[in-house]
Every structure is written in C-alpha cells, then in structure tokens.
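A.B. asks: Next come the chains, spelled out residue by residue.
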Amino acid sequence: MQNFIFLIDRFDGTNSWRQRYEFPHKPGMTVLACLIHIKENIDPTLNFTASCRSAICGACAVRVNGNAVLACDTMVDDLREQWGEDTLTISPLGNAKVISDLVVKWDEKIHRLRKANTGLHARDEFSAHEGCRQSPEDMQAVSKQWDCILCGSCASECNKLSDDSTDFLEPFIYTHAARYAKDSRSKNPMEHVMDMERSGLWKCLHCMECVTKCPKGISPADDVALLRDLAYRAGCTEGPGPRHAKAFRTDLENTGRLNEVRLVPRTEGMTSAATKRLPFTLRMFSRGKLTPLEAARLFVADNKRVQDHDGLCRILEANRK
Amino acid sequence: MQKKYAFFPGCVLHAAANEAETSAVAVAERLGVTLEEIPGWTCCGASHVQDIDPETALLANARNLALAERMGLTIVTPCSTCALMLRKTRATLLDGKKDWANERLAKAGLKFEGTVEIRHLLWELADSCDEWADKVSHPQTGLRVAPFYGCHTVRPPKIMDYENHLNPQSLERIIKACGASSVTIPERLKCCGFHAVFPAETTAHRMTASAVSSAAKAEADCLLTPCPLCHMQLDMYQPDALSYSCGDKPVPVLHLTQLLAMALGLEAKAIGLSRHIIDTKPLLAAAGRSAIQG
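As they're listed, the protein sequences go chains A and B. So for the first sequence, my numbering puts the first residue at 55; every next one is plus one. So for the second sequence, my numbering puts the first residue at 181; every next one is plus one.
Everything labelled a hint here was simulated from the structure, so no lab data went into it. Please note that the accuracy of each hint is not assured.
Derived EDC-like pairs: lysine to aspartate or glutamate, alpha-carbon spacing no greater than 16 Å straight-line [said to hold, decoys possible]:
| no. | chain 1 | residue 1 | chain 2 | residue 2 |
| --- | --- | --- | --- | --- |
| 1 | B | Lys184 | B | Glu209 |
| 2 | A | Lys300 | B | Glu235 |
| 3 | B | Lys397 | B | Asp428 |
| 4 | A | Lys375 | B | Glu235 |
| 5 | B | Lys287 | A | Asp364 |
| 6 | B | Lys183 | B | Glu216 |
| 7 | B | Lys287 | A | Asp362 |
| 8 | A | Lys375 | B | Glu209 |
| 9 | A | Lys151 | A | Asp218 |
| 10 | B | Lys338 | A | Asp276 |
| 11 | B | Lys277 | A | Glu191 |
All chains, full assembly: derive it from the sequences and hints.
C.D. replies: The following block contains the structure:
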C-alpha cells in the first residue's frame, strides 16, 4: 500500500498555508491516529483538538476533502477507498472561526446554543426527592437527540450557514431545542420552540448535509421539521414558510396535487403575486411554461381531483378521529 | 432496466416542468420501457407538508406506495424530492408505523405490504448505460455539460443509498454514454435553494447564482440536473439569481432525460427545449457544431 499523504490546512493566527505530510501506511489507522503520528514524529507545531478517542467527546471533528468527520471514528483506509486516492486534504470544520490549524472557536456557537434555552425545566409534579420519571416510550422519543456530542459536524457543510449565518443557527441548536421540547418531563416545551421560530427555523434549505454528516446518526433536519410543527400548532402560522407549507397541505387535501398558480398568492399574498412576482409570471407565459388561460383556469377552478380522492379523504379523516 | 415501471411523475411534471415528463416518456419509448402512471397518485408533500402535519404527509405517501404495490411494479420517479419522500416513508412504515398506516389505508381499501421498491430514474438510466449506449445515434461529442446532482438525489445517504454520496458518478456515466464531456463545478453537490425560495429568497438566489457562475466560468454549454425542482430553480429563477452575481452570462439547464433524448436523436421540439426560461438555442448550436466536428 502507498504511503499516507495528508495535505493539512494550517493557520498560525496570521498566515494560512497548505502543508504536505507523507508517512508510511499502517493498516487500521484512524484520521486522529495519523494526526497524532504527525505531531509526535514529524511536526510538533501541528495543532488539533482531541480527547476521548471513542466518538463520545466530539472534540476531534475535522474536514476530509471538504466533508466533516470525527477524526477518531474514521478509518483512513476507508477514506482512501471512498475517494479513490492516496492523498487526503484535512481542513478545520467549515462554518467556524479558525483559531489555529485544525482548532476552531466554539464561544460564539455556545452563545447561540443558549437561544434554545437548554436544560430540562421539570414539570411541577416532579421533585428532587422523587425524581423525574418517564415511560420508556417517552424516553425513546428524545433519546436520539440526547446523543448529540456537540462536535459541530452538522454545521460544517450546512448550505444555509455557508451563505449567511446571521439569520440561521447551527443545526445542532435546533436538535437541542427539540430534545427539550419533546421531553415528556418538560414543564413548558414551548420555551424551547419560540426562540427557534424567531431564529431562522423556516430558513433551512433542506440540503440534508446535517443529517448526512452527524456521526451519531441524529437528524437535525427532522428536528427542524419537528419544531416547525410545534410552532405551527401553537399558532405561528404567518410568514412565507408556514404559509407555503399550508398551501401544499391544502392542495393535497383538496385535489391531491399542487396548484402552482395558487401557490405564490397563498405563500406571499395577492399583492406580492401581482407586483413583485409579475416579471416571473410574465416570463413563464412568454416561454410557454404556462398559458394565461391555463393560469386563469387553475386559479379559479383548481386542479381536477385525483382518482379516488374520496379514498384519500377517508384515510386522512380516519387519522383525525 | 425493467420493461415496465409504476411511474410517479410528481406534481411539477404535470405543470411548469412538463418538458421533463415529455422527455422522460419519449426516452422511455425509445428504450422500449413502459412508464405506467400510478392511478390517483398524490403530491408527496414536497418536504413541506411534513413541517406542519407529518401524519398527513406520511399517510398520503403510504397511499402512494400502496397504490403502486397494487400494480405489482417498481416505482420510478424522475424527481429527487419525490424519491426521497417516498423512500423515507417506506423506511418509516417498515420501522414500526406499518400497522398504524394500514388501519387508516383500509378506509380506502388499500394496504401497504412493504414489497414496493422506489427507484430514481437517474439510477435506472445509469445502471443500464451499457444496454442503451448503442442506441445513441447522435453522440453529443464536445458538448460540455456541468452535472448538478441536487441534494435529495444523494442525501441523506441512508435513504438515498444508490451510490457514494461524496463522489457520485451516475450523471457522469450518462453524460459519457451520450458522447458529451463532463465539466466539474464546485457546486456539483450543493443545494440549488429551491425549497427555501420563499422564506430564504436571498440565500436561494445566491446558491443558484453560484452554480450558474461556476458553470459559465468553466465554459460549460449547460448545467444538467436529474431533479425537476433543481431545474425550476436553476432555470426559472436564473434571471433573478443572476442579479446577485456580477454580470455572469446565463447558462441553459437541461433535464437529464433531455440530454439523453438529444443523444437518441429525438427532436428538440418533442422534448420541450423551447419551454426553458434560459434560451437553449446556444446549447443546440454547440451540440450542432459538435455533431459536425464529430
């Protein structure tokens, strides 16, 4: 087997550069074992963080070829097979401020995590003496979210954060909010939801990078959906996000299929549809994507109902009873 | 590739992205494959209904799966989000929600057994490259195509487990079989922004602008996507998106089946190339030049 070749993104507080390290292949080495080998045998100036070496502490997340992994839980031979090359590029986590080499700053992320009002505030019937008992089923409902080790992998390639982090939070923050909001022992679940609703909850792009990158198999995207559902049920039904989702549900229930013509007015209101979105509509007409006649028909009369729409209604009705 | 599929077109193929349906059906016909539309299929929820009413979304898709099971065929869909929603529903039902769903499906005389498979049309075409490559009568030699996979085509890999999600090659294989060449852009596996075009409009347009700019800089003749929702974002919203970039030139966007249709010698009109917002004439000119040079 060829030597390992690591190209590591270095940063000394002022200068950035990419440094090449080559060392003999040894089967069964993790990315972390390689980093430790480099620090102990080749270059003691290389900086990275690590602690437990057991995928529990979350300290060693880095990017390999642009994708976050836990260094202690990732075999280099697997990576070489996955990428089909002997050279791997190691960088600090994405969407994070770099302090030194592979070490990123967590202060701001922890500050943002506080928006989820983390911590279980137990219902009144519980006490320090009696404890906070819950059924195994209730525990299971949030057990996945409890596995979060705050490694930051879910945020590293989040497409929304990469574009603009001022109106969106790291995906793990939504997961932490969801774990308290769905915990049967919580006194006031909504205290974990409402600040999320005001902190970009509806701006997730559904890029699924967070789900893909979490080394513990957590799905922050599902937690975003869960929080949206809770917020919606609590009356937060205004704004383009909830209105857009409601438009889809309305069409699903009414005919079974999406009515594209009614979608914009339902999401943004008639004024926006007739003004802001007018150039869009006109170019749809000009290229024959939609004819004015068809648009008028859809707006007034809606889609035809799908075959056995009654059956669909009976299924949904049975669920509401 | 199988000879017959239960076809799940998804809502936009019956509307603004109708050219994706026309070209899928035309390609299937040319390859001797029947796409039999699932009678009474409904919207998959498009990853939106789930956000306010997860049970409704789950039941609507359970019904879709049950309808396809009744046909005894594998589902094929040309939409990545539909594929994800259907596959995710199947996984959820098989993970303990089957009886719950079947109690409700019984009200419409339906039952989900768990036997149905759901495949993306991309996967079926990529797997069968060797079967249809000899039918390529008009190789698109020299046409520079920038593949744009779309998030839900490959993520999350636990559900969309067809190929290596970090370095997929299915689109590249099809591009090669069509005689064209692939141009890699950094946004190849990024998000187009479509699902948040209303609540996060600026971000969505910047995502689109970034992909288009990279394709233009790489001198690609077109972007290629296997997802009609990515197509809508990259094509229909491209004029809006380009206002976020600095004077980049527009880049036409092809549906996967349109490229294949061109390579199979189908007429541009028959596959709806005139319906695109971004003019496809420069692309056809490039394809024509390539054919002459080839």
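A.B. asks: Does each hint fit the structure? Answer for all of them.
C.D. replies: Results for each hint:
1. Only pairs whose Cα atoms come within 16 Å are accepted, and lysine 184(B) paired with glutamate 209(B) is accepted, the gap being roughly 11 Å.
2. For the hint pairing lysine 300(A) with glutamate 235(B), the CA-to-CA distance comes to about 14 Å; that is within 16 Å, so the pair holds.
3. For the given pair, lysine 397(B) sits about 8 Å from aspartate 428(B) by alpha-carbon distance, which is consistent with the 16 Å threshold.
4. Between lysine 375(A) and glutamate 235(B) the alpha-carbon distance is near 13 Å, which keeps this suggested pair within the 16 Å criterion.
5. Restraint check for lysine 287(B) and aspartate 364(A): satisfied, since their Cα atoms lie roughly 10 Å apart, inside the 16 Å limit.
6. With a C-alpha separation of about 11 Å, the suggested pairing of lysine 183(B) with glutamate 216(B) holds against the 16 Å cut-off.
7. The straight-line distance between the Cα atoms of lysine 287(B) and aspartate 362(A) is roughly 12 Å, inside the 16 Å bound, and the hint therefore holds.
8. Distance hint between lysine 375(A) and glutamate 209(B) is unfulfilled; the C-alpha atoms sit about 45 Å from each other, more than 16 Å.
9. Between the alpha carbons of lysine 151(A) and aspartate 218(A) the distance comes to roughly 14 Å, so the proposed pair stays at or under 16 Å and holds.
10. Distance hint between lysine 338(B) and aspartate 276(A) is fulfilled; the C-alpha atoms sit about 14 Å from each other, no more than 16 Å.
11. Between lysine 277(B) and glutamate 191(A), the direct Cα distance comes to roughly 14 Å. Compliance with the 16 Å bound is thereby established for this hinted pair.
Consistency note: the structure conflicts with earlier hint 8 alone.
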